[in-house]
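Using the hints, position chain P against chain Z.
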Amino acid sequence: MTPSHRTGGLSRRHFALVLPSALLVSGASGCAAPHQGTGRPGDPIVLTLLSHYASGTLKEALQRPVDEWNATHDRVKVRTKAVEFTDLLTTFMVRQAAGQGADILHPYCLWNGQLVQAGVLRPAPSEHTEEIRRGYGGAAVGASSVGGKIYGYPTEVQTYALYYNKRLLREAGIARPPRTWRELEDAAYRTARRDGYGNTLVQGFGLSTYDDSTTVGQTLALLNAAGGTFVSADGRSTAIDSPAGRAVFDLEHRLVVKGASAPGVNVYKAFQSGQVAMVVSAGWWTGSLKTEMGKDYRDVGVAPLPVPEADDRRATLSTGFMLGVNTASEHPREAWEFLRWLNTEKVSVKSAKKGATATRMSSLQVSVGSLTGRAEDMRTLLSEGSDPNLRPFLDALAYAVPEPNVVGAQQAKSLLRKNIEALWTGQQSVDESLRTIRRQVDEEVSRSW
Amino acid sequence: MVNALAPETTERVHSPRDAGSTGSAVDGRRRTRLRRRQAVVGYLFLAPTLLFFAVFLILPLGFALLLSMSRWAGFDLGDIDPVGLDNFADLFVDGSTFLAPILTNTLLFALGTVALALAGSVLVANCIDKLRLQGLWRTLYFLPIVTTVVAIGNVWKYMYEPGGLVNGVLNALGLGSVAFLQDPDTALPAVVVVQAWASVGTAILILTAGLKSIPDSYYEAAALDGAGPVTVFWKITLPLLRPSLLFVCITQFITGLQSFALIIVMTKGGPGDATNVAALEMYRQAFSYGDWGTASAAAFVLFAVVLVVTLVQLWIFRLKGEDT
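First to last, the sequence lines map onto chains Z and P. As numbered in the numbering used here, residues 262 to 710 make up the first sequence, in order. As numbered in the numbering used here, residues 879 to 1202 make up the second sequence, in order.
Some clues are possibly wrong.
[Claimed, not checked] Here are the in silico distance ranges between beta carbons for each label pair:
no.	chain 1	residue 1	chain 2	residue 2	range
1	P	G1046	Z	D328	43 to 51 Å
2	Z	K519	P	K1113	57 to 65 Å
3	Z	G409	P	V1024	28 to 36 Å
4	Z	R559	P	A993	39 to 47 Å
5	P	P1067	Z	V355	28 to 36 Å
6	P	A1087	Z	F346	57 to 65 Å
7	Z	E693	P	A993	52 to 60 Å
8	P	L1051	Z	D572	48 to 56 Å
9	Z	K519	P	P1067	23 to 31 Å
10	P	V1024	Z	D328	40 to 48 Å
[Stated by the list, open to error] Capping the alpha-carbon separation at 30 Å, the derived lysine-lysine pairs in BS3-like fashion look like this:
no.	chain 1	residue 1	chain 2	residue 2
11	P	K1035	P	K1146
12	Z	K519	P	K1146
13	P	K1090	Z	K519
By construction, these hints were calculated from the structure, which means they are not laboratory data. Just so you know, even glycine gets a beta-carbon here, dropped at the ideal spot from N, CA and C.
With the rest of the complex left out, here is chain Z (with noise of 0.2 Å):
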């Protein structure tokens, strides 16, 4: 049912359901509504944007700019909540049903299409769309967008490629990073160690079981390398049961089989330990690894995505956050207006050289180590004396595959990752997981919701 619809008078039967449940919802939701402002002369109108910066780098760098509208604008005040990434969407969900949802929403782009479908974000208006067309490449326009229209500003794009650790190539005799399937199988047979116990001590190829992203990104982005995807053009059926799906998974299963790689152990722990010697990962990682491991960043490398064989096209995955404005909002105006001016208006780039211009967002996105869209403003901030490993992050923004958003992503994405690892624990052939990933996740995804 789209916004539109929702908008008519409520129906008989919808009348009688919610009477006894609007009792509670606005009982809630009058405790603790947040204030608003009604935007009368004297009185701002203060809007809330929920994001899941919520420490450290990431909570100060949106501040950041927050900070700078609050002090040039007197009529619209913008005020940040923050939670866990891993508790974003259930904030979102619990938050708007009890009537407290944000003006300005920073979702996962995997969510949109469940929170399109359950009329959570408002569409963006015609000019802003054509805003977000003009400056921002094809993945995250992808991501942005639900069935073609565009519901918010891209933020932050994660493309995937391979991390390497350079000293324990160097000690196996490996010169440079694999650039195919072979080489990187090889690399991962030669760089593993265990002890007499079984004990991992080294992982050839880190294969990680810390979340559904974590599990499904890397799994998917060798599905796209392979020139695979998971989910089917119209995003009614699944297509990871096809030959790119086979040559991962089985890819995958042999590593584990042979031991280069130990799906139990912390992958994001070990790596930085210097226990893992590749490992596919996002973009992100480079601004958490280069703080916690210190000096011994320096035998961290970044390369792109291995292809199965050396003359296969590049594609890897690309996954993404997003800005966009709630419908409940009482002031969508504005927030669409702070949205312009913190992802499209340019400023001066003070690291880079004279006259060079970026937005805002692309600047928060670069001081915490990460990337946006807008591959032109990452050239500008990745100009000079920026780090190289995020390079190949800025490259794969040209090939990358951007993650489906169906309605029926997020559980669709939890299936794959069970089956993963079913598969990776022996519980599941490779022809096992295929098939039943395809039953299972064809039957979410072609729901009639």
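Quick look at chain P alone, frame taken from chain Z:
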């Protein structure tokens, strides 16, 4: 309460002793009025509680029942779409993971937790009952109850890790490492052990109280008859501890069937679905996937399971002569 008074009043009027006596009839009417007034006052005192239950129990229950037969994304009440029993059918359709492994895991998790916690707590409570400084021991065993599940889960998770304490001990004994939480065969038992360990404190507290209520005279008589400690335990302690055991058994089972916090911290239901349980699946369906209909249907199925399991336990204990 008012209805209950009606037959009594009628009986009095027809009583030969009261018949024809005007004064007694007036007294009877007064008494009836007084009782009615008392009933009204009683209901007035009950009203806040009834209102509380109506708002926080009956209304949500009705709403959950409605949702279990609807499709709803969780935001707009106007979008509730009735689908009849489709959600229940989907849970048990061929290929659904809800019955196996999710519901099976739930029962195994609860059963394993109760069995371990019960055996452990009976043993420990019996030992504590014979020690000095009983308060100290009870407090020590109760500590996990006042510790957050997140802390417990994380500590045990690190202990179970390939390079963790448990595997360190195994390696020191010359044994190979076990991927406790990563192997689908060991993940559920590994979490069950932690849940049992964490819940043993409450059981010990209740069972210690139960042990104290057993009269010493039985033990003295057994000693005079020359009964050994094992016989005393099986023939005296355990049978007389049955009311406490029944309470512990039922409450622990219900807790076990409903719990998921420890699992979400330690394994997130994985690997695959190896440790996924009904409550975790409900949480995910509602809050992650926005499928409140399936979540509510699963909640009612879980409720039915809890009810059946509890009734079976009561029946078994009643067969053993325990009046509940």
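Tell me the numbers of any earlier hints that the structure contravenes, in ascending order. Hints 3, 4, 6, 7 and 13 not satisfied by this model.
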